[in-house]
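Asker: Protein chains in written order, with this note's numbering: chain A, 5 to 118; chain B, 135 to 249.
For the record, the hints were derived by calculation from the structure and aren't laboratory data.
Do not take every clue at face value.
[As the list claims (entries may be wrong)] Examples of chain A residues lying across from chain B (beta carbon under 8 Å, computed):
hint, residue
1, THR24
2, MET49
3, VAL99
[What the hints assert, rightly or not] With a straight-line cut-off of 30 Å between C-alpha atoms, the simulated DSSO-like cross-links for lysine-lysine are:
hint, chain 1, residue 1, chain 2, residue 2
4, B, LYS191, B, LYS147
5, A, LYS105, A, LYS82
6, B, LYS191, A, LYS105
7, A, LYS59, A, LYS105
8, A, LYS74, B, LYS191
9, B, LYS147, A, LYS105
10, A, LYS77, B, LYS147
11, A, LYS59, A, LYS82
[As the list claims (entries may be wrong)] Away from chain A, derived, C-beta distances all over 12 Å, residues of chain B:
hint, residue
12, PRO142
13, SER161
14, TYR169
15, GLN178
16, LEU180
17, PHE181
18, GLU186
19, ARG197
20, THR214
21, GLY218
22, SER228
23, THR235
24, GLU237
Remember, predicted model here, so these are calculated numbers, not experimental data.
Beta carbons: idealized from backbone N, C-alpha and C, even for Gly.
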Amino acid sequence: AQTVTQSQPEMSVQEAETVTLSCTYDTSESDYYLFWYKQPPSRQMILVIRQEAYKQQNATENRFSVNFQKAAKSFSLKISDSQLGDAAMYFCAYVREGAQKLVFGQGTRLTINP
Amino acid sequence: KAGVTQTPRYLIKTRGQQVTLSCSPISGHRSVSWYQQTPGQGLQFLFEYFSETQRNKGNFPGRFSGRQFSNSRSEMNVSTLELGDSALYLCASSLEGRPYTGELFFGEGSRLTVL
Numbered sequence: 005a006q007t008v009t010q011s012q013p014e015m016s017v018q019e020a021e022t023v024t025l026s027c028t029y030d031t032s033e034s035d036y037y038l039f040w041y042k043q044p045p046s047r048q049m050i051l052v053i054r055q056e057a058y059k060q061q062n063a064t065e066n067r068f069s070v071n072f073q074k075a076a077k078s079f080s081l082k083i084s085d086s087q088l089g090d091a092a093m094y095f096c097a098y099v100r101e102g103a104q105k106l107v108f109g110q111g112t113r114l115t116i117n118p
Numbered sequence: 135k136a137g138v139t140q141t142p143r144y145l146i147k148t149r150g151q152q153v154t155l156s157c158s159p160i161s162g163h164r165s166v167s168w169y170q171q172t173p174g175q176g177l178q179f180l181f182e183y184f185s186e187t188q189r190n191k192g193n194f195p196g197r198f199s200g201r202q203f204s205n206s207r208s209e210m211n212v213s214t215l216e217l218g219d220s221a222l223y224l225c226a227s228s229l230e231g232r233p234y235t236g237e238l239f240f241g242e243g244s245r246l247t248v249l
């Protein structure tokens, strides 16, 4: 069975600085997708960034970028120029190609210090 | 375009009762999934429906059931509630088709408290 592990339950960073959230996963599949979802307090979960496993190039979305290491099964999220609005729970997630069931990590609570 | 809508947002039940939660997906989305979120277990997959058929099911007891209607709206039901069923229940919809993205669009959730 596929598993996703986030080893950092909590992280904090000063506003405007850079922070990296870690995620590792385990799968025997070759075609899959990885995601980082953000869940602000009492707000709905939204997609931050997506990575297709067949793409070697790391995905980027404005201040958010990933470091995808397929052989190491590692998928970290880097947030640059952290903003107060980035404070949230961040979940790493995996889905096999064609499947609808996402497997989530336990989440990392990110605090932004002003 | 309206997002995923879940009702009710909050509810309190007592042990032994049953509860029904509703989810309206984004217009055009035909796949609806349900997840249970608790502090201890995190996000766990309950089931997924597509075109009124359950395609996938997670490892939950039979007290947890669901259905999907012809307009893609979905309901989930939990019977004989237990204290451990207290959780945030999240509904998510997705657009089937190519290119496949795997992305889910989540509602704000229904927070169930069992006393």
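Asker: Next step is simple, just say for each hint if it's right about the structure.
Answerer: Against the structure, the hints:
no.: 1; hint: THR24; verdict: 21 Å, violated
no.: 2; hint: MET49; verdict: 4 Å, holds
no.: 3; hint: VAL99; verdict: 4 Å, holds
no.: 4; hint: B/LYS191 to B/LYS147; verdict: 25 Å, holds
no.: 5; hint: A/LYS105 to A/LYS82; verdict: 25 Å, holds
no.: 6; hint: B/LYS191 to A/LYS105; verdict: 9 Å, holds
no.: 7; hint: A/LYS59 to A/LYS105; verdict: 21 Å, holds
no.: 8; hint: A/LYS74 to B/LYS191; verdict: 28 Å, holds
no.: 9; hint: B/LYS147 to A/LYS105; verdict: 28 Å, holds
no.: 10; hint: A/LYS77 to B/LYS147; verdict: 42 Å, violated
no.: 11; hint: A/LYS59 to A/LYS82; verdict: 18 Å, holds
no.: 12; hint: PRO142; verdict: 15 Å, holds
no.: 13; hint: SER161; verdict: 17 Å, holds
no.: 14; hint: TYR169; verdict: 8 Å, violated
no.: 15; hint: GLN178; verdict: 8 Å, violated
no.: 16; hint: LEU180; verdict: 10 Å, violated
no.: 17; hint: PHE181; verdict: 9 Å, violated
no.: 18; hint: GLU186; verdict: 15 Å, holds
no.: 19; hint: ARG197; verdict: 20 Å, holds
no.: 20; hint: THR214; verdict: 25 Å, holds
no.: 21; hint: GLY218; verdict: 18 Å, holds
no.: 22; hint: SER228; verdict: 6 Å, violated
no.: 23; hint: THR235; verdict: 7 Å, violated
no.: 24; hint: GLU237; verdict: 6 Å, violated
The earlier numbered hints that this structure contradicts are 1, 10, 14, 15, 16, 17, 22, 23, 24.
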